[in-house]
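Participant: Listed below, chain by chain, are the residues.
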Amino acid sequence: MTGFIEIALLLAAPLLLAATGELLLERAGSIQIGLEGTMLFGAWVAFAAGRAGLPAWGGLLSAALAGLGAGLLFALFAVVRRADPILVGTVWNLLALGATAFAYRLGAGETGSVLEVATLPRGLVGLPDAVAASFLAPVVLHLWLTRTRAGLRLSAAGENPEALRSLGLSVVAVRSGAAAASGVLGAMGGAVLVLTVSPTFVEGVTAGRGFLALALVVFARWRPLALLPAALLLGGVTALQYRLQAEGFGLPYALFLALPGLVALGALALASARGGAPKALGSPAP
Amino acid sequence: MSDPGAALELNGIRKAFGPVTALDGARLTVRAGELHALLGENGAGKSTLVAIAAGLLRADAGEVRRDGALLPAADARAARRAGIALLPQHDLLVEAATVADNLALLDPAAPPFESAGARRARVARLEERLGLELGPPGARVGELPVGVRQRIAVAGILQADPGVLVLDEPTAVLSPRETSALFRSLRARVATGRAVLLITHRLAEVFEGADRLTLLSRGRTLLEAEVSSTTPEAVGALLLGGAEVSSRSGALRPDPPDGERVPALAVDELLPAGATGPPASLAVPAGAALTLLAVDGNGADLVGSAIAGVRPARGRIRLSGRPVPPGDPRAFRAAGGAFIPADRRAEGLVPGLSLAENLFLRRPPGRFVIDRAALAAAADDRLRRFGVRARGPWAKAGELSGGNQQKLLLARELEPLPRLLVAVHPTRGLDLASSSDVRARLLDAARAGAGVLVVTADPEEALELGAPIRVVYRGALSPPLAATTPLAELGRRMAGLAP
Amino acid sequence: MRPAAVAAVAAGTLAAAALLVLAAGASPADAFVALLRGALGSSAALGETLARSTGLVLTALGAVVAFRAGVLNIGLEGQFLAGAAAAAAAGPLFPDAPLAARAAVLLAAPLAGALQAAPAAWLAERRQVPAVLSTILLNLVAAAGVTWLVRGPLRDPSGDYPQSRALAEAALLPPLAAGSRATAAVLLALLLAAAAAFVLARTPIGLALRAVGEAPRAARAAGLPDVRLRVGAFLSSGALAGLAGGLEVLALTGRLYDPFTAGVGYTGIAAALLGGMSTIGGAASALLFAALGAGSSALQRDAGVPSSLASIVPALAVLALLLARGERRER
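Residue numbers (the working numbering), protein chains in the order written: chain A, 7 to 292; chain E, 816 to 1314; chain F, 286 to 616.
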């Protein structure tokens, strides 16, 4: 596996995990713009677990559990109490940034040195299993949404929640479950980031990937399978930049930083006017 | 007190939403094997009552019994298991999903995993069993016509084979012909011993197809009777009783057409965005009214909102001779247009602002700073003259009842007198007294010199307005019909049949 | 909100903060004292609080103006950076004319903020791209822009730390009192807040803005120029955040460096939320958060509690508020 493709896949994996989780949540009718914060939280938990001596998969598992808690907490505010999810998500990022910085400072002290943790081992396909699994996630979601009764109900929660209520089902329960699952996936996305590409933690290590994942969901028009090419595109662009920089042809470092954001903006501008959004996206659960 | 033959029984139901009492000791008894009609003016509590029966709302007091057995309160799942199925007024279907997926969603016996093929087979099975055409299984429900969607929704909830089927205003979006078809299938259903509860405000339908009726008024049960033992007039009188009826009514006698005067509205080849029919051309003379009559979904509302500039469109619109570019509400108003939209809460008023602010939204008194004293005085005056009942000019518009909100809109739109007023479904959701009042004010405006275009789905209202009527079917307008046209002919035209 | 609910929110936030302090190994009492001392304990501390409040009051104001018009401008962070960058670029152009330098900054900074917001406004109205998304992405671009500017075109050749050329000492705003970091900038911010409050509540354009925010379809159907109003609100909020960035340079730092903000854009939104999306409430909350920020370095120094507590507490307060209030839509 050539280095370029490998790097592209490694870069795409965290985006895919986070975007799949967010897509699931938005199809259910809620929205978490604090995805960046959840990813950051997962990254920190994986890092802390590694520093505590757990093997890499232990870090991944810890992050998943932490993400479950984070997702349920989000559900408490945005689904059960029906606060505006955009507002919850906005401060969520602030909270995560501050909380992880707080915890990191307490744990790491004043040292300026870079603390490392063990990375995920290579698996069957030459990549860590978690990375390979992240490419399966959108496929699984697609099958689940289209072929199962639970998936059908979740879609209804995002399109016509009143109808779901009329059937005697709880929209709050469906959306809370989706929030929990998306929390797990988002946190795992952050964990994969720390456990593969950059095996350390710094304040704000996610560097906007959570926001990129949000854009991916819109660009994919809320269809899981479309996430794959979009994430690979972003991962490929970044990998290409790494390769070019190594050979001295790269764009100025700052432009390289701005590139994913610009690409996402461009894609959003070109995508036809917001087609495909779940009708009840962001509305309170009846 | 309870009736042993009752399939569904509600007793002593009390429900308040904050300071507003929706139900005050209401009762309802539906027997097995009967088609029962639930009547009442708007705000009487009908939808609230059936929502409580279906377990979607918790009553403050009272009980719900199914075949004599007490049902747990606010437990929708228990109600479903007990065989109560509700087809609510709003859409039960998921527009973005296919026919097959929607029916799978509504099937209580759907397996956890199901292939696309199995879902398609279900559609075919239902079509055969119920003798209804449900459209292509792979079609997105949102793209199908309203009548088909209604059939899909009914077929969907019939899968549970409910002992008590509750339909909330099912005929509001159906043509007279589709309504008859629906009643036929409902009667066939009750003949098998099941019960059907129908919420409706259309007396004609009740007296044609129902066995018993219950009349709710202001949250109380006024009447429970066999349909055969009473008359539409008697029931109508009870519905109107106690409410103010505007003394101004009576049909408008249109002025003889004056060839010299510029029409208030001249529309040429107007094709609204989303319309699926031919472009429309029509004219409304100044000082006269025109009624567009159509079943929902045939394009009349689209024409109305396109003329008001709220909906983009192609074609030519002229107000008193001045051309108005389509899709531009500001230009429409600058040319002297006024608009009362169908959805007063979402497109008409700003619920969070006060009445005074709503009334003078575009031009409040005062140049750089709002003159609050002048604003309050002007608002007070206008609220009084238009009969809007409220705490005062600073009350929030969202607090008003439906009827008062509509009067508030009229107060905003009718002064200064516009050149053209477009009113879409102006009395939808209003009780009889408010409806009467609204119609009277519309006609007053015409008498004062404005052109008035009314869009309605109620043929009786069209007749009552007394203006020329053009029936819209699939976007095509009929020639102007006199206000003396028989109701049956209107019904046939609305259904697309030869008159 | 009912007083009981307000008390519950405050109590909940304080309790959570106390827990964090305990986790850091300090006593809540000590931490509270250190915080107070750092925020209000001396004229220097007070000056620090006021100095920090300029940026927060203006970004909170920007959030209120946007949100009340129905524009979800989450990009105040990037607009702040744009204003700071413009100030760092324009100021040094007048090394011998301090008044001209100040004028240049006060013009360029809000303009830059508005320009930073403009693409998002265009995308929202013309391509239906949600403002939430586009402004967040633009924040990333702005941050990258700052990284580039301080190492590239604006780079200060003297010194090895990446930062921009400094403005002339004389161009910087003088402190209000000796030894204090507070300048006239905070007065400007508070004045603008009062002006915005008046405009929103008492002028026809303020009424139109509120209508467009509360009921966009009804406002449009009633003939209000909804697109113009929303875009105007969007650009104005960007300008306010840009001004905040410019004042940060003009009053405090004298130059641009990387990273430049400590989440002031997001904290401003939190302040606006806590203040009930009103101009006065937002300004008051901003002052509170500024005090918190000022006290946080004392907190770290004297009580050993990481200063990032100052970012956590505002977020907790807003979350507590959202939990208590439940369903209520600001837009």
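Where hints are given, some of them may not hold.
What the hints assert, rightly or not - Derived CB-CB ranges, DEER-like: (1) F:Arg502 to E:Gln904: 14 to 24 Å; (2) E:Ala888 to A:Glu168: 57 to 67 Å; (3) F:Ala293 to A:Glu168: 25 to 35 Å; (4) E:Gln904 to A:Gly132: 20 to 30 Å; (5) E:Gln904 to A:Leu231: 31 to 41 Å.
The set of hints was computed from the structure by calculation and includes no laboratory data. Yeah, the Cβ is synthetic: ideal placement off N, Cα and C, and Gly gets one too.
Participant: Hints first: check each against the structure and report whether it holds.
Facilitator: Results for each hint:
1. Distance hint check: the CB atoms of F:Arg502 and E:Gln904 are about 21 Å apart, consistent with the given range 14 to 24 Å.
2. Between E:Ala888 and A:Glu168 the beta carbons are some 20 Å apart, a value that contradicts the proposed interval 57 to 67 Å.
3. Roughly 32 Å separates the CB atoms of F:Ala293 and A:Glu168, a value that falls within the hinted 25 to 35 Å.
4. At roughly 58 Å, the beta carbons of E:Gln904 and A:Gly132 sit outside the given window of 20 to 30 Å.
5. Between E:Gln904 and A:Leu231 the CB atoms are about 36 Å apart, so this pair conforms to the stated range of 31 to 41 Å.
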